[in-house]
Amino acid sequence: QKEVEQDPGPLSVPEGAIVSLNCTYSNSAFQYFMWYRQYSRKGPELLMYTYSSGNKEDGRFTAQVDKSSKYISLFIRDSQPSDSATYLCAMRGMIYNQGGKLIFGQGTELSVKP
Amino acid sequence: DTEVTQTPKHLVMGMTNKKSLKCEQHMGHRAMYWYKQKAKKPPELMFVYSYEKLSINESVPSRFSPECPNSSLLNLHLHALQPEDSALYLCASSDGRLGSGSYNEQFFGPGTRLTVL
Numbered sequence: 034q035k036e037v038e039q040d041p042g043p044l045s046v047p048e049g050a051i052v053s054l055n056c057t058y059s060n061s062a063f064q065y066f067m068w069y070r071q072y073s074r075k076g077p078e079l080l081m082y083t084y085s086s087g088n089k090e091d092g093r094f095t096a097q098v099d100k101s102s103k104y105i106s107l108f109i110r111d112s113q114p115s116d117s118a119t120y121l122c123a124m125r126g127m128i129y130n131q132g133g134k135l136i137f138g139q140g141t142e143l144s145v146k147p
Numbered sequence: 008d009t010e011v012t013q014t015p016k017h018l019v020m021g022m023t024n025k026k027s028l029k030c031e032q033h034m035g036h037r038a039m040y041w042y043k044q045k046a047k048k049p050p051e052l053m054f055v056y057s058y059e060k061l062s063i064n065e066s067v068p069s070r071f072s073p074e075c076p077n078s079s080l081l082n083l084h085l086h087a088l089q090p091e092d093s094a095l096y097l098c099a100s101s102d103g104r105l106g107s108g109s110y111n112e113q114f115f116g117p118g119t120r121l122t123v124l
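Chains A and B supply the protein sequences, listed in that same order.
Residues 34 to 147 in our numbering are what the first sequence lists, from first letter to last.
Residues 8 to 124 in our numbering are what the second sequence lists, from first letter to last.
Rather than coming from a laboratory, the hints here were simulated on the basis of the structure.
A virtual CB, placed ideally from N, CA and C, is assigned to each residue, including glycine.
Wrong hints could be hidden among the right ones.
[Claimed, not checked] From the structure, some residues in chain B lie toward chain A, with a derived Cβ separation under 7 Å: (1) Pro-76; (2) Asn-111; (3) Phe-115.
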């Protein structure tokens, strides 16, 4: 079983839809949770960063962490064609000497159709 | 300046060649990373440098040799690569100065697309 599971999609939605992207994980030591967006042939770009449980909102994006269920989500409201990309969840624990090693999900490919 | 730059953008090399990838950041970050990414896969961590010292080597073959000449620069020296090493090589950096959490926000460069013939 992988430490982080993410449905690879592809996911296709019409413009204006609400998109829900999810990851589950097995390691209860994870404390930091990130969402990255990666456009084709580009490097990943950090979208959202959450420490421990709770919600965080930034414009059209909302990140949720439910540590009791080991489940994280990214919601995109009013989706736009420019949101078409691969979305990667990433997470790690508190151990300092791991030097920033992130555990990534497989990535979900999202396509928003005009 | 919140940018990580990488050169070259594309590289084609033969199995007997020696080449180097370069990465630069001017954000004052003290942690720098090399990742390898194959198509439709997540990035795989290769190396981590913290304060210019190698802190993590994810059992990468010795034909990949990292170097951190100073706090802003990171190189990856390539020698005797195999066709299966063809991939997108990503460099990233993070603050790394303020405890465990400061490693999390990693800023990625655009990558070098490497093809080994």
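Please verify that hint: Phe-115 (chain B), Cβ, nearest Cβ of chain A, below 7 Å or not. Holds, because the Cβ-Cβ distance from Phe-115 (chain B) to chain A comes to roughly 4 Å (cut-off 7 Å).
Does the CB of Pro-76 (chain B) sit less than 7 Å away from some CB of chain A? Where the cut-off is 7 Å and the nearest Cβ of chain A is about 19 Å from Pro-76 (chain B), the hint is violated.
Status of the hint placing Asn-111 (chain B) at chain A (closest C-beta pair under 7 Å): holds (5 Å)
When the structure is compared with the earlier hints, a violation turns up for hint 1 alone.
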